Amino acid sequence: MGNENGKAVPAVCWFSDCNKNSVPLVGGKCSSLGEMINAGIRVPPGFAVTTEGYRQFMAEGGLGKEIFAGLDDVDHTDLKALEEVSARIRASIEEREFSPRLEDEICEFYRRLGQTCCVPAVPVAVRSSATAEDLPGASFAGQQDTYLWIRGADDLMRHVRKCFSSLFTARAIAYRNRMDFAHDAVAISVGVQKMANSYAAGVMFTLNPSNGDRSTIVINSNFGFGESVVSGEVTPDEFLVNKISLEAQARTISCKQVYYTVDRENHRSKLFDLPAERQSVQSILDEEVAELAAMGKLIEKHYGRPMDVEWAIDRDMSAGSNVFILQARPETVWSNKKKEPVSGAANKNATQHILGALMAGRKFQ
Amino acid sequence: MGMKFSNPHDLKSIPGTEGWERMYPYQYQFVTDDADRKKYEDEAFWFYDGLHYPEPLYPFDTIWDEAWYLGLSQYNTRIFSVPPVYGVDHRMVNGYIYISPVPVKDPKEIEARVGDFMERAGYYYENWNQLEKKWEEKMKGTIDRLEALEFKPLPTLEKMSVVTDAEGESSGYHLLKSYDQLIDLGIQCWQYHFEFLNLGYAAYVTFMGHCQSIFPDIPAQRVTQMISGIDVIMYQPDEELKNLARKAVELGIEKSLKASKRFSDVRKELEKSNAGQQWLKSFEKARYPWFHVSTGTGWYHHDKSWNDDLNIPLAAINIYVDKIKAGKSIDRPMEEVRRERDRITAEYRDLIENDGDRATFDQLLATAKTVFPYVENHLFYVEHWFHSVFWNKVREVAAIMKDHGFIKDIEDVWYLKRSEIKDALWDLVTAWATGVKPRGPQVWPKEIEWRKGVMEKFRAWSPPPALGPAPEVIQEPFTIVLWGVTNESLKNWSDVQNAESLDSISEFKGFAGSPGSVEGKARVCRTVDEIGDLQDGEILVSPTTSPSWAPAFAKIKACVTDVGGVMCHAAIVCREYGMPAVVGTGHATKIIKTGQMVRVNGTTGEITII
Numbered sequence: 001m002g003n004e005n006g007k008a009v010p011a012v013c014w015f016s017d018c019n020k021n022s023v024p025l026v027g028g029k030c031s032s033l034g035e036m037i038n039a040g041i042r043v044p045p046g047f048a049v050t051t052e053g054y055r056q057f058m059a060e061g062g063l064g065k066e067i068f069a070g071l072d073d074v075d076h077t078d079l080k081a082l083e084e085v086s087a088r089i090r091a092s093i094e095e096r097e098f099s100p101r102l103e104d105e106i107c108e109f110y111r112r113l114g115q116t117c118c119v120p121a122v123p124v125a126v127r128s129s130a131t132a133e134d135l136p137g138a139s140f141a142g143q144q145d146t147y148l149w150i151r152g153a154d155d156l157m158r159h160v161r162k163c164f165s166s167l168f169t170a171r172a173i174a175y176r177n178r179m180d181f182a183h184d185a186v187a188i189s190v191g192v193q194k195m196a197n198s199y200a201a202g203v204m205f206t207l208n209p210s211n212g213d214r215s216t217i218v219i220n221s222n223f224g225f226g227e228s229v230v231s232g233e234v235t236p237d238e239f240l241v242n243k244i245s246l247e248a249q250a251r252t253i254s255c256k257q258v259y260y261t262v263d264r265e266n267h268r269s270k271l272f273d274l275p276a277e278r279q280s281v282q283s284i285l286d287e288e289v290a291e292l293a294a295m296g297k298l299i300e301k302h303y304g305r306p307m308d309v310e311w312a313i314d315r316d317m318s319a320g321s322n323v324f325i326l327q328a329r330p331e332t333v334w335s336n337k338k339k340e341p342v343s344g345a346a347n348k349n350a351t352q353h354i355l356g357a358l359m360a361g362r363k364f365q
Numbered sequence: 001m002g003m004k005f006s007n008p009h010d011l012k013s014i015p016g017t018e019g020w021e022r023m024y025p026y027q028y029q030f031v032t033d034d035a036d037r038k039k040y041e042d043e044a045f046w047f048y049d050g051l052h053y054p055e056p057l058y059p060f061d062t063i064w065d066e067a068w069y070l071g072l073s074q075y076n077t078r079i080f081s082v083p084p085v086y087g088v089d090h091r092m093v094n095g096y097i098y099i100s101p102v103p104v105k106d107p108k109e110i111e112a113r114v115g116d117f118m119e120r121a122g123y124y125y126e127n128w129n130q131l132e133k134k135w136e137e138k139m140k141g142t143i144d145r146l147e148a149l150e151f152k153p154l155p156t157l158e159k160m161s162v163v164t165d166a167e168g169e170s171s172g173y174h175l176l177k178s179y180d181q182l183i184d185l186g187i188q189c190w191q192y193h194f195e196f197l198n199l200g201y202a203a204y205v206t207f208m209g210h211c212q213s214i215f216p217d218i219p220a221q222r223v224t225q226m227i228s229g230i231d232v233i234m235y236q237p238d239e240e241l242k243n244l245a246r247k248a249v250e251l252g253i254e255k256s257l258k259a260s261k262r263f264s265d266v267r268k269e270l271e272k273s274n275a276g277q278q279w280l281k282s283f284e285k286a287r288y289p290w291f292h293v294s295t296g297t298g299w300y301h302h303d304k305s306w307n308d309d310l311n312i313p314l315a316a317i318n319i320y321v322d323k324i325k326a327g328k329s330i331d332r333p334m335e336e337v338r339r340e341r342d343r344i345t346a347e348y349r350d351l352i353e354n355d356g357d358r359a360t361f362d363q364l365l366a367t368a369k370t371v372f373p374y375v376e377n378h379l380f381y382v383e384h385w386f387h388s389v390f391w392n393k394v395r396e397v398a399a400i401m402k403d404h405g406f407i408k409d410i411e412d413v414w415y416l417k418r419s420e421i422k423d424a425l426w427d428l429v430t431a432w433a434t435g436v437k438p439r440g441p442q443v444w445p446k447e448i449e450w451r452k453g454v455m456e457k458f459r460a461w462s463p464p465p466a467l468g469p470a471p472e473v474i475q476e477p478f479t480i481v482l483w484g485v486t487n488e489s490l491k492n493w494s495d496v497q498n499a500e501s502l503d504s505i506s507e508f509k510g511f512a513g514s515p516g517s518v519e520g521k522a523r524v525c526r527t528v529d530e531i532g533d534l535q536d537g538e539i540l541v542s543p544t545t546s547p548s549w550a551p552a553f554a555k556i557k558a559c560v561t562d563v564g565g566v567m568c569h570a571a572i573v574c575r576e577y578g579m580p581a582v583v584g585t586g587h588a589t590k591i592i593k594t595g596q597m598v599r600v601n602g603t604t605g606e607i608t609i610i
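These protein sequence lines map, in sequence, to chains A and B. Residues in the first sequence are numbered consecutively from 1, following the working numbering. Residues in the second sequence are numbered consecutively from 1, following the working numbering.
These aren't lab readings, by the way, just hints derived from the structure by calculation. Quick caveat, the model's predicted, so the values are computed rather than measured. Please note that the accuracy of each hint is not assured.
Unchecked claim - DEER-style ranges, computed between Cβ atoms:
#	chain 1	residue 1	chain 2	residue 2	range
1	A	Asn21	B	Glu335	39 to 49 Å
2	A	Thr235	B	Gln535	36 to 46 Å
3	B	Ile610	A	Ala39	38 to 48 Å
4	B	Lys12	A	Ile253	42 to 52 Å
5	B	Ser213	A	Thr235	28 to 38 Å
6	B	Arg262	A	Ser321	50 to 60 Å
7	A	Ser210	B	Arg22	54 to 64 Å
8	B	Ile610	A	Asp316	25 to 35 Å
9	A	Ile253	B	Ser213	29 to 39 Å
10	A	Ser210	B	Glu336	32 to 42 Å
11	A	Gln115	B	Lys328	40 to 50 Å
12	B	Lys261	A	Thr235	56 to 66 Å
We put the beta carbon where it would ideally sit given N, CA and C, even for glycine.
In isolation and in its complexed conformation, chain A is listed as follows (with noise of 0.2 Å):
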């Protein structure tokens, strides 16, 4: 790699600074993460190991050498071949140290998040990003590979490696044979962010999913992770909020009687009782609501279309800068409605228009 406009390619680089130009580097997801921040979408801050630094822990070392010779010539049908090989190099890539100055540089990413975050060895999500070339093979190429509630430095080194050797699981490697890609030009990149510790977290929709109605925007919230509020396990609170006011024009409050929060003996997110007090205690605050539904509005124009998000309040941060956006697909049941005009035919005049209202009243039952 080396130069591009004459600047040195980081082996590391903060989301903020990514953009949709950015894939080869970081990775769609990376890149789609810096996509949303200048777009004015808050997201858990982060950072990548970028391709470029992924290269350079490979050739430090001679590594990759290692590692390519004889890959090419492993029988893509031949199923046991292939663990044997993929466990062997993931062994490889997960002990091999990083070079101190490599390290050093992650470090010193790691502890300015840290620094931003408020807390000293934050716990960060770490995730493989694949990059474009990827991407036909994305499923394999390891990109659901995802470690959450990673804590210090160690373990973070740790992670990353195990992204990286994501790229040689027995699956990828019979890919890349099977349609002739050379092992050694596919690159990925890991994203580091931090975890999202929610105090309440859930869903939004930026149309109304009940009606399809447009200029209603409606959240879906829990205490703790979104993850009650996906899976269906608790009846959520529900906010409509008027997209253009930014106002909740209705809310119901639920009894909430579970929730998810992080168990840090094995580090991973366990479903608690909610104590009865809190159970009908409504679980983000009016303005959260606001500042939602005002990012939510962003997300709309941002990819030009209905939105369906996941979103979590951090207890860590404080307001103004907690309200987090996790993940954002389009909305596709009423996206996908064919538009039929609500009032007939467009080319009558307003008297018309008017005798036709008169004739259809109001339902009154």
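Chain A is fixed; fit chain B onto it per the hints.
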């Protein structure tokens, strides 16, 4: 299935009021001795017009009810031929008005009315601005004739000029004639009142319906906000007060304005200086017509105008003077309001996904914006200006009746029907002409005493919100816009109706008039005289508000009213000030007490006593 309310024929007279029917027009009674009529009354849906009549009707005040009964109905049925609906029928129970929109039931008849509607309504929509200008001239002519009417005491001997000018008419005849003219001008004014209103509401309902089909969740207040005028004359009386406050500060006479709460004292004080006289001149200029603004809705004879009680505008001017002295702006944020209106409109428009719907939106918005100024402005001409002058002319007639012993007090005149006044005037005039004692003084004071007792009993009775079977569809534009009759509104009315006592209610609902939610201390002001008690940051709870209440809005942080829809004065002003309002709650002034902490949610229409 349909909601069913009690049958009107099952309602009983209140003991001690038997015979009350003679206080009102005979055709207002629910009857059982006419099989056809009874069947029609049984099958129709009647709802209590609490919007206009929170209290039982005085016999004289029935004039406006009959006037709008005629006016509204004739334009639907006979003039514009609104296809699916005729007029709105009226009945009365224990002094309270019940109304019922009359649908056209035969589909062939509906079809047959379409052509005429298209031609006639189309003509008005297409020539709206030009016709509205004509309306203003007609209306001003009617008001001019009203103001010119004179009611003078009857002389012992007519002036010599009656002889020398060969007038050939007496003062007695003139009294009868002027009274007829007075009543006639009132009815004429209400003919004009509805000339544009039915079509105005129809255009508004259509735009509202279009918005709601695209955006099922859109609050009515947002739709209104998109079409509301900014330079409407309803704001003018308040603007006059602000100008007078500014002028007082400019002239350095603002201390004199506080010399007393009584305007007559302040006037004496001001007359002592040149600057004071200059200010008084501006004050007199502002009074006509702007101080004809009523302190109520203008519907009732007891609604005073500013001109009736100059202490009211004086108090209001002083509120503005205080603001100016405290360095606060009293200007209406016109630009801001306009910008916000345009932003809301543009954002909704951008969310419309279908090009055809967007074109219809643009077209209906333009029509609604054309018709809406009338919907807002007619109120000043009719309910405020005309009515304020009219009530005082009736008082001039009453003064003559009092002189002749027909009534004990001028305010007793409202206990008589207008036809009874005419009868009494005949009695009075013929006796005067003949030189004998009239019969009236032995008849009317006794009858009025009895009627006062009846009205007391009426007041203590709670009218049920509706009678008869509810229909499935409402097509009459007024019923939708003005009364906001919906399942929910009827349920809310009957909930309050059925509560064991008003003290037990801590949560109730009205129409969401202006968005936002605040908590604060309530102050109940039953009349505009009481707004002087308002403290900064309180929540105003009142039966209704009118432009003459405007200064109150400079102090409060939310407003709650008993009466009104999303287009009522309180809702419009609160939207402009950006403060929450819940209107049309039915009984807020009875439920809430001054000093209570309340939460007002103008986005959902909910009120909570904390």
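Hint-by-hint comparison with the structure:
Taking the beta carbon of each, Asn21 of chain A and Glu335 of chain B are about 41 Å apart, inside 39 to 49 Å as hinted. Remark: the range hint 36 to 46 Å for Thr235 of chain A to Gln535 of chain B is upheld by a beta-carbon distance near 43 Å. A beta carbon spacing of about 41 Å between Ile610 of chain B and Ala39 of chain A agrees with the range 38 to 48 Å that was offered as a hint. Judged by the Cβ atoms, the range 42 to 52 Å given for Lys12 of chain B and Ile253 of chain A holds: they are separated by roughly 45 Å.
Take Ser213 of chain B and Thr235 of chain A: their Cβ atoms lie about 30 Å apart, and the range 28 to 38 Å holds. Against the hinted window of 50 to 60 Å, the Cβ-Cβ separation of Arg262 of chain B and Ser321 of chain A comes to about 58 Å, which satisfies the hint. The supplied range of 54 to 64 Å is met by Ser210 of chain A and Arg22 of chain B, whose beta-carbon atoms lie about 55 Å from each other. Under the hint 25 to 35 Å, the C-beta atoms of Ile610 of chain B and Asp316 of chain A, about 34 Å apart, fit the expected range.
At roughly 30 Å, the beta-carbon separation of Ile253 of chain A and Ser213 of chain B lies within the given 29 to 39 Å, and the hint holds. Against the hinted window of 32 to 42 Å, the Cβ-Cβ separation of Ser210 of chain A and Glu336 of chain B comes to about 34 Å, which satisfies the hint. A beta carbon spacing of about 45 Å between Gln115 of chain A and Lys328 of chain B agrees with the range 40 to 50 Å that was offered as a hint. Range check, Lys261 of chain B to Thr235 of chain A: Cβ separation about 58 Å, and the 56 to 66 Å hint holds.
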